[in-house]
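Chemist: Each chain, written out:
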Amino acid sequence: MRRAFAAVLAVATAIALAFLVLPVVAIFVRVPLRDLLGALGDDVTRDALRVSLETSAIAHAAVLVVGTPAGYLLGRKRFRGRGLVITLVELPLVLPPAVAGIALFAAFGRAGLLGDELNALGVQIPFTQAAVVLAVIFVESPFYLRGAIAAFESLDGSLLDAARTLGASPGRVFARIALPLAAGGLGAASALALARGLGEFGATIIFAGSLQGVTQTLPLAIYAQFEQDFDTALAISALFIVIGAVLLVALKLYPWFRFVSISRSRFAPST
Amino acid sequence: MVPLRLDFALALRAFDVELELDVGAETFAVVGPSGAGKTSILRAVAGLARPERGAIACGDELWFDADSNVDLRPEQRSVGYVFQEYALFPHLTVEQNVAFGGGRADRLLRRLDIEHLARAKPPELSGGERQRVALARALARSPRVLLLDEPMAALDPHTRGTVRAELHDLLRELSLPTLLVTHDFEDAAALADRVGVLVAGRLRQVGAPGDLLGSPADPFVARLAGANLLTGVAAPAPSGLTAVLLDAGPTIYVADSTSGRTEVVVYPWDVSLARETPDDSALNHLPDQIVSLTPLGNRARVRLRLLTAEITAASLERLQLAPGDHVVASFKATQARLFSSAG
Numbered sequence: 001m002r003r004a005f006a007a008v009l010a011v012a013t014a015i016a017l018a019f020l021v022l023p024v025v026a027i028f029v030r031v032p033l034r035d036l037l038g039a040l041g042d043d044v045t046r047d048a049l050r051v052s053l054e055t056s057a058i059a060h061a062a063v064l065v066v067g068t069p070a071g072y073l074l075g076r077k078r079f080r081g082r083g084l085v086i087t088l089v090e091l092p093l094v095l096p097p098a099v100a101g102i103a104l105f106a107a108f109g110r111a112g113l114l115g116d117e118l119n120a121l122g123v124q125i126p127f128t129q130a131a132v133v134l135a136v137i138f139v140e141s142p143f144y145l146r147g148a149i150a151a152f153e154s155l156d157g158s159l160l161d162a163a164r165t166l167g168a169s170p171g172r173v174f175a176r177i178a179l180p181l182a183a184g185g186l187g188a189a190s191a192l193a194l195a196r197g198l199g200e201f202g203a204t205i206i207f208a209g210s211l212q213g214v215t216q217t218l219p220l221a222i223y224a225q226f227e228q229d230f231d232t233a234l235a236i237s238a239l240f241i242v243i244g245a246v247l248l249v250a251l252k253l254y255p256w257f258r259f260v261s262i263s264r265s266r267f268a269p270s271t
Numbered sequence: 001m002v003p004l005r006l007d008f009a010l011a012l013r014a015f016d017v018e019l020e021l022d023v024g025a026e027t028f029a030v031v032g033p034s035g036a037g038k039t040s041i042l043r044a045v046a047g048l049a050r051p052e053r054g055a056i057a058c059g060d061e062l063w064f065d066a067d068s069n070v071d072l073r074p075e076q077r078s079v080g081y082v083f084q085e086y087a088l089f090p091h092l093t094v095e096q097n098v099a100f101g102g103g104r105a106d107r108l109l110r111r112l113d114i115e116h117l118a119r120a121k122p123p124e125l126s127g128g129e130r131q132r133v134a135l136a137r138a139l140a141r142s143p144r145v146l147l148l149d150e151p152m153a154a155l156d157p158h159t160r161g162t163v164r165a166e167l168h169d170l171l172r173e174l175s176l177p178t179l180l181v182t183h184d185f186e187d188a189a190a191l192a193d194r195v196g197v198l199v200a201g202r203l204r205q206v207g208a209p210g211d212l213l214g215s216p217a218d219p220f221v222a223r224l225a226g227a228n229l230l231t232g233v234a235a236p237a238p239s240g241l242t243a244v245l246l247d248a249g250p251t252i253y254v255a256d257s258t259s260g261r262t263e264v265v266v267y268p269w270d271v272s273l274a275r276e277t278p279d280d281s282a283l284n285h286l287p288d289q290i291v292s293l294t295p296l297g298n299r300a301r302v303r304l305r306l307l308t309a310e311i312t313a314a315s316l317e318r319l320q321l322a323p324g325d326h327v328v329a330s331f332k333a334t335q336a337r338l339f340s341s342a343g
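As they're listed, the protein sequences go chains R and V. Those letters in the first sequence? Residues 1 to 271, by this note's numbering. Those letters in the second sequence? Residues 1 to 343, by this note's numbering.
Chain R with its partners taken away, still in its complex shape (with noise of 0.2 Å):
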């Protein structure tokens, strides 16, 4: 009976492995690495990669400099209606991306909400780069605000009521003991947000449409690839592949957590 359910057990995760692993192997079965080197060289992936680039790295760029302080705010302080808040961060994280990308126009757009005040600067956003960099921000700041509250959360507040005690004001207690304590909580939610951005597909084609080297990212590429040249689609997939291992090889090697397993070895038993 006991070796019956180990089996299932077994039978249940390889399973689950092979059905996740096959699709991911099977795009490197179909594009040889010379290929693969070569699809970079084309101007559709080579204009969309910098296009990724770029919108990525401001929109991260945005997010951690935005959210950092209000994860901070929202993971130390306690006030009324602090779920709420929260709540309302975590929003984005369960709607669909076409969702997203509709309610971004309905904000942005030239018949949007703000879009009396745009057009009065001579500001249009939709289907511009900044377009697929609100797009970006909009789907990937839930991620890196949820993990940026969680770590200064669990932070011990102990520590930081010692750094008030010692004549830190608030803003030097959060430079020299929040922000390097939660620095492994703040790593982790950062690789995924970035990830999440990267990825960006939804909310982008339907805010900032899919111009070849204005806003067609790495994933519109390929959906744009798709139909013409399935190769380039696929060695776009396989870059992706590589750029998203490296992030969560990165993620367990590096020893961001060190510093949680602090707490544990407080009551270590002295010698």
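Just so you know, the hints here were simulated from the structure itself, not pulled from any lab data. Cβ atoms here follow ideal geometry from the backbone N, Cα and C, with glycine treated the same way. Among these hints, one or two may not hold up.
What follows is a list of derived Cβ distance ranges for each label pair [what the hints assert, rightly or not]:
#1 Ala61(R) x Ser78(V): 40 to 48 Å
#2 Asp211(V) x Gly171(R): 41 to 49 Å
#3 Ser340(V) x Pro180(R): 53 to 61 Å
#4 Arg110(V) x Gly171(R): 30 to 38 Å
#5 Asp156(V) x Ala175(R): 29 to 37 Å
#6 Asp7(V) x Pro180(R): 24 to 32 Å
Following the hints, put chain V in place on chain R, whose structure we already have.
Modeler: Structure of chain V alone, referenced to chain R:
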């Protein structure tokens, strides 16, 4: 000018902490069970918790005053705070921890004998070493008030004795107004000039450690100070004594007089043990059985079914006691104290 003057009320979830206390250049220990509001007092003094009313002043400097809306921020108050479990910054070296508040660390590292640990990080240190780092860090800004939250609690029993002696010497040398919070009366008695027993946010009794032991205000204080608490019914007995029929069965004789339901306080160090009923001046001889034995340095704590005795390691050796043994516990009529139960 009183170095540290506290007179405030701070609301906690279940009750208010109300405190009126002047602390001179002395060590004042606040002793009480967990949840009595001890740490909240330290947090209020440090500016980490805001009282509802009252005032906190350090010398001529007003730190908090609800009426005039004065509330100095923690970084503006000159306190050295040793947190429970020390709260050392795990990502900084010992030297960086001590120098965090500004100033140089080397003098304090030398004073506390932790120079050799300057480059170590807190997770690598033993409990005793961490306590010294925490003290060095708290003293680095030359504070006017020292706050110690359970400084001995994170230590194992082996290092406790030495660390306590060192801390005692350091506190005497500093002679700063020091508020020390602990649940352990022995630590308080060993370290403090005065002790206050805090129960549910209020000081039940304040006095020198010896006074609290010698004349506890109530059975609770006596119990906190380590006494045995027996309950029974008292009635007058010949030659001016009081006989107490204990709920547990035996009758004992006490010099205090009262009648009706009473609580009897007997300190463990006033109880002696023997194999047979001894022929001595003690009036009370209670046959009992040993439940457990705990060595405490040169003494041993012997828990019996009815009460606990503290005897010297030499007596323990001589009597060859072991759990399960039948012994006779003896104490004098003058060594028991009566508290009639109200109502």
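Chemist: Each hint needs a verdict: does it hold in this structure or not?
Modeler: Right, here's what the structure says about each hint:
1. Ala61(R) x Ser78(V): 40 to 48 Å: holds (41 Å)
2. Asp211(V) x Gly171(R): 41 to 49 Å: holds (48 Å)
3. Ser340(V) x Pro180(R): 53 to 61 Å: Taking Cβ atoms as reference, Ser340(V) and Pro180(R) lie about 60 Å apart, which means the hint holds.
4. Arg110(V) x Gly171(R): 30 to 38 Å: holds (32 Å)
5. Asp156(V) x Ala175(R): 29 to 37 Å: Given range 29 to 37 Å: holds, Cβ gap about 36 Å.
6. Asp7(V) x Pro180(R): 24 to 32 Å: violated (39 Å)
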